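Protein chains in written order, with our numbering: chain A, 1 to 197; chain B, 1001 to 1226.
Taking CB as the label site, the calculated pair distances span:
1) B/R1030 to A/D76: 31 to 39 Å
2) A/R71 to B/R1002: 40 to 48 Å
3) A/R193 to B/P1018: 39 to 47 Å
4) B/H1065 to A/R68: 37 to 45 Å
5) B/V1057 to A/A53: 52 to 60 Å
6) B/G1008 to A/F178: 15 to 23 Å
7) B/L1061 to A/E32: 44 to 52 Å
These are computed hints drawn from the structure, not numbers from a lab.
Remember, it's a predicted structure, so these values are computed and weren't measured experimentally.
Even for Gly, the Cβ is constructed at its ideal location relative to N, Cα and C.
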Amino acid sequence: MPLVMSVPGTEAATDNALVTRLRAGDRDAVEEAYRAHHAAIRGFARRLVGDTASAEDIVHEAFVALPRVIRRFRGDSSLRAFLIGVAANHSRRHVRAAMRRRRATERLAAHEGLRAPETDATDQLITQQLARKLWAALDELPIDQRVVFVLCEAEQRTSVEVAAIVGAPEGTVRTRLFHAKRKLREMLEHEHREDEP
Amino acid sequence: MRLEDLVGAIRAADDDDPDLVAATQARVRRSLETRARGRHQVVGILTTLAILFVGTVSWALATGHVAALWAPPRVVPSPPAPHAAAPHITAPRTTGQRPAQDIAVAPAPVLVPEIVAPLPAPVAARRVAAPPEPPVEALYRTAHDLHFHGGEPAVSLAAWDAYLAAEPTGRFAVEARYNRAIVLARLGRYAEARAALEPFARGEVEPVGYRQAEAAQLVARLAHSR
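With these hints in hand, go ahead and build the complete structure from the sequences.
Below, the structure is given as structure tokens:
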């Protein structure tokens, strides 16, 4: 799936037709929107919460809310970007739920003396471990900074796109990103110092 | 460990499980159907309530119940006695059993229950939205109420006179003349009462025989009174 969103002319035309049908209450249009955009929404949700079940819940809520919230769509961004914004708005409690699950898992692992299989780990396991480390760090950020960090850094969107998605000025997006990266680096450095013998 | 390395790790977390994709799509579909059903149920309930409301209001408007709710309460005289509308009904024959001298001895008010035919119970004050009745009928109702429900005989007489002046040959004129004669007797104006009752006693009023026997007994009693 391409990480950078593009809105070619044909996609805009498809969006317009779909949006018209969604506004008319056509339920098949929701199915069509799902088929067209579910991968992007799911990818964003997974990167945001780091939990498959919570990500699926976010995708579900975003598409169920679509017939209602489509009235707010003004057409100054793509339907996909609009849907990601809807998903971001629904992500708050799912982020908290995922964070609680992650911490509970960490506590259990610490209590049982479990350690990740570092010695014989495959590349995939190493990647998963690194990802878990970042999600744990993201749990310490405010949700607005977390969303902007995931959109800008993990999905490599421009600040203009992100501003359209989150409905905030571009300057605000940059400020949130700056603070998010600074906090994350501090957390990682702190953790690195603690890990050193 | 660099932040960029970690970002690369979550960027890779992008594997779509087809089963999960289909399951979530089915969940979305079910949720939308449930929501639509719920909306239809709400619309159905509201429509039913609206129909009931409109029907009730229409019925209330058509039957005057709404006007009755808003109209100020007013006292409405009782409807005419059945015997006035159906002149063939005769009064009970038990009222004339006393000897004539009783009339002279007894005070006038005592005479009333003996010589007045029993009538339906009065209609109490009630809230109605009836259309305004014609003035002549109002005169009759007023006289009727005064006569049967404790009015002064002199006032009753004036009321009967007013009705008979307005409608000398009207629907209730015969009954009004009879009752007027009774009021004259109550007032002690026996000669006038007897003169008024004699046509009834002779059966000269229409309908023929209206209170004839009763009137004949009264005339006989009044003949002995001064």
